[in-house]
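Protein chains in written order, with this note's numbering: chain A, 587 to 986; chain B, 587 to 986.
It is worth saying that the hints were derived from the structure and are not from the lab. Possibly wrong hints are sitting among the right ones.
One copy or any two copies: either way a pair holds, since identical chains are not told apart in the list.
For lysine-lysine, the following DSSO-like pairs were computed, each having C-alpha atoms within a straight-line distance of at most 30 Å [claimed, not checked]:
id : residue 1 : residue 2
1  : 592       : 777
2  : 934       : 976
3  : 866       : 630
4  : 976       : 866
5  : 866       : 701
6  : 934       : 592
7  : 701       : 777
Number of protein chains: 2
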Amino acid sequence: MAEPAKGPLSGLRVIDLTRVLSGPFCTMILGDLGADVIKIEPPKGDPVRAQGTMTDGHSGYFAGFNRNKRSVVLDLYRDEGRAVLRRLLADADVLVENFRPGTLARLGLDEAALKDLNPRLIVASVNGYGSTGPYVDRPAFDFIAQAMSGFMGVNGQPDGPPMRAAPPVSDLIAGIYAALGVLAAVIGREKTGQGQAVEVAMVNGLLSLMAYLSSEYFATGQVPARTGNDHPLVYPYGLFRCADGQIAVANSHDQILTRFLETLDLGWIMSDPRYDTNPKRMAARDELRDLIDSRMEGRSREYWLDVLNAAGVPCGVVQDLAQVFADPQIAAQEMVIEAPWQDGPALKMLGFPIKLDGTPCAVHRPVPRLGGGTGEVLAEAGYDARTIAKLARDGVIGLG
Amino acid sequence: MAEPAKGPLSGLRVIDLTRVLSGPFCTMILGDLGADVIKIEPPKGDPVRAQGTMTDGHSGYFAGFNRNKRSVVLDLYRDEGRAVLRRLLADADVLVENFRPGTLARLGLDEAALKDLNPRLIVASVNGYGSTGPYVDRPAFDFIAQAMSGFMGVNGQPDGPPMRAAPPVSDLIAGIYAALGVLAAVIGREKTGQGQAVEVAMVNGLLSLMAYLSSEYFATGQVPARTGNDHPLVYPYGLFRCADGQIAVANSHDQILTRFLETLDLGWIMSDPRYDTNPKRMAARDELRDLIDSRMEGRSREYWLDVLNAAGVPCGVVQDLAQVFADPQIAAQEMVIEAPWQDGPALKMLGFPIKLDGTPCAVHRPVPRLGGGTGEVLAEAGYDARTIAKLARDGVIGLG
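Input sequences plus hints: build the corresponding full structure.
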């Protein structure tokens, strides 16, 4: 496990000042791709180490965001701690942080100081609202970013409340974009020799996914209505009832709809004068739903998934996580992996969504014990054993 | 607009065989960052050109996914068309496609053929389920990927159906991941001199966002319940009623909750024996909600947003898109921009979520007219004017 990573980013050194969610996701992606990620933690550690259900004393939540990193414990409230950080940054390619805007400057690491220290350093920041504008000092949180970005407002039943997504999507999307911005800056640096600042705000990242909902708003001035699981413009579409539960069917255009109805022996619907246009079908939703449900109820979900997929009709089951993780496709795609803790148990976690055939993502390094990389990383940075021991005795660093 | 892009990816040439959503989002991100994106379209064009509300005959939906590209019309059903494509690929850095697995091979561009043509070429594929496994031939669609990935299953009210997100999140997240994988492969190529295949499946991308929901499942074997807009483990948290509507408040831990309640002059709750632990507060949700609502109803949303944010309590409004696009923070972050069509009107669209201070994302090129870049791109590839004219006469290319 300690051998150098072979991913496409091997040789890229990332100093990671992030904690909790958005930033750690960003740096884990970089680590999965082979970067050497050094996670700087305060003496008490990233708070997520103590969160979620523990397995043999180890947090699976922490593990799922921190594989492929080394942990260095450093007290940044002390001058000597900040001096160690500066020495690490002098040799690094990337710094990633997810403090509130202004915190880095209070650590003595404003833009000018960082440029002085290492003009090639790429400085990536993930935050809630961005570092300019009236909300710059507001605290951020995923639920709030979902609300402010317009994302919640378009989700949910027409007669129900706006609905958040349960996963912390704004944190995670910001983390992915930040990793992307970092790599763009690495490529740009080949030409300029200079690093630059990269910033992604959670609200902006989530807003960027509003796709045709935003273009329709710009074109019409109409705020999109919530439509639950139904398509706003097309019917039949949505959830239908089989013998043993529902399946989701996406008849996104007439050609697919025709195949769907023909597979159900309901092909006549498309030429029946009551239903032969989409507006008529939208108006006759309840009748059509009854017709379709009564046909589908006679067979199992598995039956319909087989014949409909074979007919080229996009369809699937609304899977819960137990079903997802038992799904042979998820297994074939290796979307569940195990990664060991440093000196601890191997835990199951999500796999790599980016598949590379030459230098694939891998578990290059275990989930780090708090401070488990401090001695090694400081030695690599040129600190001798005596100095390391003294810094540890003085509580500036933690050796784990 | 025709001057070379100045973004960090300037000089990177991307041949874009994608259409509709996931792939075009990937290549637009690369174009926003300065790559030279050549969108290969069939003679009838990307179907999205005809979708959504038209402004002066131009689709805002198409514009929002295709700025910063040049359009080349090429009939890939003809040998001569595929020959042009091969010539473009010989000099390119990246090919991006979002066909169903196997389609590229049917165009004569299987892995071996592409490697022969250009060993430095990075070949990125975005698809529904991945190119291995039992579902490889299934048609993909965002709604289905939301269902199959477990994402829908965790969203929605406890007593309601599983709830999709209205934006096509699985397409878009796959597109972002694909862009990230491409850039990692570009960086890896510096060391190896070789391109490689990059693949992102919509289901895998969305599954990768399941975060602590998945780690809790792995640790406990319990499928997470739907909790609507409420936090599964903490109360008070969620939507509360002000004089002029609701606000969202994320009291994610006791320290923030204390500040929230003190700001409402309800600080006594934290030491009242009925409410002094989180389990007691979870059990007394209805009472607490009434207490909080009755306090907050006396003042406007604006009032509470000001005082709560100042107190460090994450809170915000559930904004609809009209409110989002009127929000001064969104304006300060330049999240609405205008991009011109080639020979057409400028349209409003979403801005750039990745902020770079040295070589920022920009509208380097207009939204392309169908085939509006064919002549220019073929000339750059060494085709002389007579050959271009003949290919156009024969219907192999379209000059727009």
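Taking the hints in turn, this is what the structure says about them:
1. 592 to 777: Answer is both; intra-copy 24 Å and inter-copy 11 Å each pass.
2. 934 to 976: Neither. Shortest intra-copy (38 Å) and inter-copy (59 Å) distances fail the 30 Å Cα cut-off.
3. 866 to 630: between (63 Å within a copy, 28 Å between copies)
4. 976 to 866: Answer is neither: 80 Å inside a copy and 47 Å across each miss the 30 Å cutoff.
5. 866 to 701: neither (64 Å within a copy, 51 Å between copies)
6. 934 to 592: within (22 Å within a copy, 43 Å between copies)
7. 701 to 777: This pair counts as both: shortest intra-copy Cα distance 17 Å, inter-copy 27 Å.
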